[in-house]
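Undergrad: Following the hints, complete the assembly by docking chains L, U and Z onto the known chain W.
If you read the sequences in order, they're chains W, L, U and Z. The letter at position 137 of the first sequence is residue 137 when you use my numbering, and the numbering goes up by one with no holes. The letter at position 214 of the second sequence is residue 1214 when you use my numbering, and the numbering goes up by one with no holes. The letter at position 279 of the third sequence is residue 2279 when you use my numbering, and the numbering goes up by one with no holes. The letter at position 279 of the fourth sequence is residue 3279 when you use my numbering, and the numbering goes up by one with no holes.
In short, the hints are calculated from the structure, not lab data. Errors might be hidden in some of the hints.
To be verified - Derived DEER-like restraints, expressed as beta-carbon distance ranges:
no., chain 1, residue 1, chain 2, residue 2, range
1, W, Pro182, Z, Pro3134, 34 to 40 Å
2, Z, Glu3101, W, Ala298, 37 to 43 Å
3, L, Arg1100, W, Ser260, 17 to 23 Å
4, W, Thr232, U, Gly2263, 56 to 62 Å
5, W, Asp74, U, Pro2104, 21 to 27 Å
6, Z, Arg3023, W, Pro182, 29 to 35 Å
7, Z, Pro3134, U, Ile2118, 31 to 37 Å
8, Z, Pro3134, U, Gly2263, 21 to 27 Å
9, W, Ser260, Z, Arg3107, 28 to 34 Å
10, W, Gln46, Z, Lys3222, 51 to 57 Å
Said to hold, decoys possible - Computed footprint of chain Z on chain U; a stretch qualifies when at least three of its residues, placed anywhere within it, have a C-beta under 8 Å from a C-beta of chain Z:
no., region
11, 2079-2090
12, 2118-2131
13, 2180-2187
14, 2237-2251
15, 2266-2273
16, 2276-2290
Claimed, not checked - So, partial list: chain L residues that the calculated Cβ filter (under 8 Å) puts toward chain U:
no., residue
17, Thr1009
18, Thr1013
19, Gly1016
20, Thr1025
21, Asn1148
22, Gly1149
23, Glu1150
24, Ala1151
25, Ile1152
26, His1153
27, Ala1240
28, Arg1241
29, Pro1242
All values derive from a computational prediction rather than experimental measurement. Backbone N, C-alpha and C define an ideal beta-carbon position, used for all residues, glycine too.
4 protein chains.
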Amino acid sequence: MTVHYFKPTLYHTTLGAHEPVLRITDGDSVVTTTLDAGGCDERGEQVGPRPNPQTGPFYVEGAEPGDTLAITFDHLWPNRDYGYTSTVIATNVVDPDFARELPPRERAEWSIDRARGIARLIKPETALGAFTLPLDPMLGCFGVAPANGEAIHTSTAGRHGGNMDYRGFRNGVTAYLPVAAPGALVFVGDGHAVQGDGEMAGTGIETSFEVRFTVRLLKGRKINWPRGEDETFIFTVGNARPLDQATQHATTEMMRWLMSDYGMDWVSASTLLGQCVRYELGNMYDPAYTMVCKLPKALLVSR
Amino acid sequence: MTVHYFKPTLYHTTLGAHEPVLRITDGDSVVTTTLDAGGCDERGEQVGPRPNPQTGPFYVEGAEPGDTLAITFDHLWPNRDYGYTSTVIATNVVDPDFARELPPRERAEWSIDRARGIARLIKPETALGAFTLPLDPMLGCFGVAPANGEAIHTSTAGRHGGNMDYRGFRNGVTAYLPVAAPGALVFVGDGHAVQGDGEMAGTGIETSFEVRFTVRLLKGRKINWPRGEDETFIFTVGNARPLDQATQHATTEMMRWLMSDYGMDWVSASTLLGQCVRYELGNMYDPAYTMVCKLPKALLVSR
Amino acid sequence: MTVHYFKPTLYHTTLGAHEPVLRITDGDSVVTTTLDAGGCDERGEQVGPRPNPQTGPFYVEGAEPGDTLAITFDHLWPNRDYGYTSTVIATNVVDPDFARELPPRERAEWSIDRARGIARLIKPETALGAFTLPLDPMLGCFGVAPANGEAIHTSTAGRHGGNMDYRGFRNGVTAYLPVAAPGALVFVGDGHAVQGDGEMAGTGIETSFEVRFTVRLLKGRKINWPRGEDETFIFTVGNARPLDQATQHATTEMMRWLMSDYGMDWVSASTLLGQCVRYELGNMYDPAYTMVCKLPKALLVSR
Amino acid sequence: MTVHYFKPTLYHTTLGAHEPVLRITDGDSVVTTTLDAGGCDERGEQVGPRPNPQTGPFYVEGAEPGDTLAITFDHLWPNRDYGYTSTVIATNVVDPDFARELPPRERAEWSIDRARGIARLIKPETALGAFTLPLDPMLGCFGVAPANGEAIHTSTAGRHGGNMDYRGFRNGVTAYLPVAAPGALVFVGDGHAVQGDGEMAGTGIETSFEVRFTVRLLKGRKINWPRGEDETFIFTVGNARPLDQATQHATTEMMRWLMSDYGMDWVSASTLLGQCVRYELGNMYDPAYTMVCKLPKALLVSR
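Just chain W, with the same shape it has in the complex (with noise of 0.2 Å):
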């Protein structure tokens, strides 16, 4: 149960069997930065490459191919004062006609107060006038090394996780993913302050973030796609496009945990879905849609 504080001095753009920064245990905590989506720190500077860098990887002993590995984010919160995001909506998220239309991107800016836990639209100037939101910071890139020696691009999301930008991915919140390399190899980036569903300007309020997480092997434990919880759901995620088959991933995963942990039966699971199943947007900018399947866990009692 050891705490380790962690300062990345290198980068990655893709999740892969990278050499490991870090060997942890099961029940470990990593205390650790991460730059914004363009390679700056907290100071401003770039110092990583573009886009998403990842730190890590963290070497999980004991982690092997068919584990799961179980990432606990204890803690995410940006590390300076500002943050910015993408003034327009993404081209593939309108009508094609009405993309035609659209202004070219520029880069909004947004002053962050920590202490208060709020950003503030700082420029351009526009109709939302002094606008001001609280802050919910989440991962939009983390991720383990895919399976069958792939390294993948932190612009893209799998079964391994990836840039999957999801505002469900925030603090307190559980995060599980299949692991598919010799020690799982876990990376973290790409921190938001703040995300609508859909990442439908193509950013969140981009930032550098202090991150504490924790990890869990679950040793001989098979998953297909990532999974997560809270104190209030379960859900899974399915990462493809089109967003169909992103869904048709996500309520699979979750379909195959209610039978295997939640003795249910076909008619079950079906039944509760049917019923009392809730869907979120994850991003809809990136190469694979991010669909997410939840259910309350107040549905899942023991009767």
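TA: Using the frame of chain W, we list chains L, U and Z on its own:
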């Protein structure tokens, strides 16, 4: 501001320019009933065709193509003590190879306690045990006559509304629909006592309803896709396949709404969506899927 | 085996259960004309509505839901000396960011030399110079009344046929359509003098046509999607979005055809498709896209 | 203009920046062999990993990101006397409910008569009888190292090429690939003796190959997606899901090609595609689907 009490005697399985059953005026309310998706009434007798038979159409005096019709759902409630669902998740919402494992679909039966506002699964017996859910009644299929003289089946959805199966069309919500035929021609049907996102098993708890709705005619006001609002949110609805396109329609419609009615320019509207938008999945079962784009009204007040 | 000479005076922009203009019998032929997609006739006068106005419907005596109607295109040919196309590729068939660069659409004009069987681009002047193509006349939109009492717009397609914009519906081809209303109700229109795969600019060379077709009624023969054949191929047609689903429909229909009519089991039909199938893109412009699954007849002879 | 005879001893299941097995130069040819999709060689011995093991990579001297590599397939031919296919069409290419009826997949065996250039189905026995097809050998999976330091699995495809399973990559064809890593790093594998469009059963006739290819380095020439040509056609390739997006990529790439190399403006290129383009389906089985956009060279001559 008349309240019309209308007892239907025939039902439609297309939304089109059918003979009106009643003529109403801007501000009027209609109190009527709807059959369940299988054509059965409050006594359980099959008195209408399948699927999703519609009550109506109601002709709104003065409504013309290019106007918008607002329909407020004043009261949606089951008018009988039972409903039914499908027991198995739909083949198209799970991975194709997983779909091969699904058992055959049967019908589950639910009791509906209208006084206490709950539904309870009666059979089959499942691992869910005594599974009870609070009622959250909604209309699965409603709309106006489509444009271009089309008559569109109640299994699908489009700009005219139709079988959207979105649980957000519930009590207290106002839906906005683009008028495309003289008199608008309002149809209502397909009540669900409870339904999860996506209508993933192909049903909500299907039952017959008592319905009260109020219409307002917004002359000269043009919209392209269904919209809605309640006390806390405004939302827009896209109906298409794949979900990507449904989302594009809903997002485009929201952008247009923000820019035409809320004084926003491209950057303001994009920034608001980028950081604050929420998406909800209507149905992912019918020929056209439904995605909903939502924004909290609290963010839209003048500053 | 009567040949009916029919001069149309009204045209439809939905395929539905409209009043028949003529009653014909199994084996009969109809000689008639069609307007161009913009409603103009052989003299260039606008005498019908837009888009894709249909001549018909022709009522086939004895045709009932569950039957199949065969329509052989005996003669499809322009009946005037010019046509038009769109000058710019459609926004939905290119990458969204590329679509932003496209110039506005205009109308290109073509001369049609019916005697020599060629079309020539007249204006605008382009880098193509004196651009001349051999005529390959086809019907972009034709079909029967759809099922369920629907009336479906001539901008889109479905099981009933409609706006498939497939260049394979050309002279000498027989199309098969599922009868879904009494009398089948045959519609024809939207002649293209030449068209590429996908109708990528949203048009073929649009012109008015003289049309001769012959119907055969296949009693009690049920199909689910349009089919066709010529001397060398059989083919099936799926109409849906995305193309994936259109392809699924076409492939499923081909599997069913092989297994019901050609004595094949699962393995035979799969093996044939696996090694020998061809696909062609109908339209990728209309609300429903069109994919065609083809097999050479030479592979289907009894062995 | 050296001809290199290379006998592989190790194989890769990712395309990435692996250690080169040979360094070659612009204009050189390589004569080598490839394993079948299951890792078996000309003797039927499993000597490599699955799936689609790649021979290579071959380092092309002087190739740098931003260049284009041309690979001409001088000779693709089986080097053994048998191959195999899957017996059942893939679940994702048919309607979901139809997919539920499919029997389990097995392996069909084919003899390959290299002298006569034919393949014959040996078992199982099917309604196809003595089913014989002319060989049309092609490479299912080949490419260069992808951009951004990615290593991409041989089950899928992208801008770098990969598992496109397009029967148009056959003898005499030149493929063009965007160089994204120093030396380009050419991989070849996954020979199919015969394959239909779409690789609908998930296989062609899988066998080991003898391969001869010649490279040409086009310095400073930038392309975005694979391209190709033979004596009569030029073509571009998009790899993505859904097919809509694959088609968008291929069409965009063709538009760019016409405008950069053939002196066309927007209207010329759009007009040519609108009336003359052909599309072919590569695979619809792998994680990324493949669509091909083709134009006859006869239409591209200067006028």
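Undergrad: All hints are to be evaluated individually against the structure, with a verdict given for each.
TA: So, going through the hints one by one against the coordinates:
1. W/Pro182 and Z/Pro3134 have their C-beta atoms about 47 Å apart, which leaves the hinted 34 to 40 Å range violated.
2. About 39 Å separates the C-beta atoms of Z/Glu3101 and W/Ala298, a value consistent with the hinted range of 37 to 43 Å.
3. Distance hint check for L/Arg1100 and W/Ser260: the Cβ-Cβ separation is about 18 Å, which falls inside the suggested range of 17 to 23 Å.
4. W/Thr232 and U/Gly2263 have their C-beta atoms about 58 Å apart, which keeps the hinted 56 to 62 Å range intact.
5. For the pair W/Asp74 and U/Pro2104, the supplied restraint of 21 to 27 Å is violated, since their beta-carbon distance comes to about 55 Å.
6. A beta carbon spacing of about 32 Å between Z/Arg3023 and W/Pro182 agrees with the range 29 to 35 Å that was offered as a hint.
7. The hinted range of 31 to 37 Å is satisfied by Z/Pro3134 and U/Ile2118, whose Cβ atoms lie roughly 35 Å apart.
8. Our hint of 21 to 27 Å for Z/Pro3134 and U/Gly2263 holds, since their Cβ atoms are close to 24 Å apart.
9. Taken as a hint, the range 28 to 34 Å holds for the pair W/Ser260 and Z/Arg3107, whose Cβ atoms sit roughly 30 Å apart.
10. In this structure the supplied range 51 to 57 Å is violated for W/Gln46 paired with Z/Lys3222, their Cβ-Cβ distance being about 26 Å.
11. With 5 residues bearing a CB less than 8 Å from a CB of chain Z, the region 2079-2090 of chain U meets the requirement of three and the coverage assertion stands.
12. For a cut-off of 8 Å, the count of residues in the region 2118-2131 of chain U with a CB near a CB of chain Z stands at 8, and the three-residue condition holds.
13. For a cut-off of 8 Å, the count of residues in the region 2180-2187 of chain U with a CB near a CB of chain Z stands at 0, and the three-residue condition is violated.
14. Counting residues of the region 2237-2251 of chain U whose beta carbon lies closer than 8 Å to any beta carbon of chain Z gives 8, which reaches the threshold of three, so the coverage claim holds.
15. Residues of the region 2266-2273 of chain U lying with their CB closer than 8 Å to a CB of chain Z number 8, which satisfies the three-residue condition for coverage.
16. Counting residues of the region 2276-2290 of chain U whose beta carbon lies closer than 8 Å to any beta carbon of chain Z gives 8, which reaches the threshold of three, so the coverage claim holds.
17. Checking L/Thr1009 against chain U: minimum C-beta separation of about 18 Å lies over 8 Å; hint violated.
18. With a least beta-carbon distance of about 6 Å to chain U, the hint placing L/Thr1013 at the interface is held under the 8 Å criterion.
19. Given the 8 Å rule on beta carbons, the hint for L/Gly1016 holds: about 6 Å separates it from the nearest Cβ of chain U.
20. Proximity of L/Thr1025 to chain U is violated relative to the hint, the smallest CB-CB distance being about 28 Å (cut-off 8 Å).
21. Nearest Cβ of chain U to the Cβ of L/Asn1148: about 5 Å, under the 8 Å cut. The hint holds.
22. With a cut of 8 Å, the hint placing L/Gly1149 at the interface with chain U holds, because the nearest CB-to-CB distance is about 5 Å.
23. A distance limit of 8 Å between C-beta atoms decides the matter here; for L/Glu1150 the minimum to chain U is near 5 Å, and the interface restraint holds.
24. With a cut of 8 Å, the hint placing L/Ala1151 at the interface with chain U holds, because the nearest CB-to-CB distance is about 4 Å.
25. Here the hint on L/Ile1152 is kept, as its CB sits about 6 Å from the closest CB of chain U, short of 8 Å.
26. Here the hint on L/His1153 is kept, as its CB sits about 5 Å from the closest CB of chain U, short of 8 Å.
27. For L/Ala1240, the suggested interface contact is upheld, since its CB lies about 7 Å from the closest CB of chain U, less than 8 Å.
28. Here the hint on L/Arg1241 is kept, as its CB sits about 5 Å from the closest CB of chain U, short of 8 Å.
29. Because the smallest distance between the Cβ of L/Pro1242 and any Cβ of chain U comes to about 5 Å, under 8 Å, the interface hint for this residue holds.
Hints 1, 5, 10, 13, 17 and 20, counting from the list given before, are not met by this structure.
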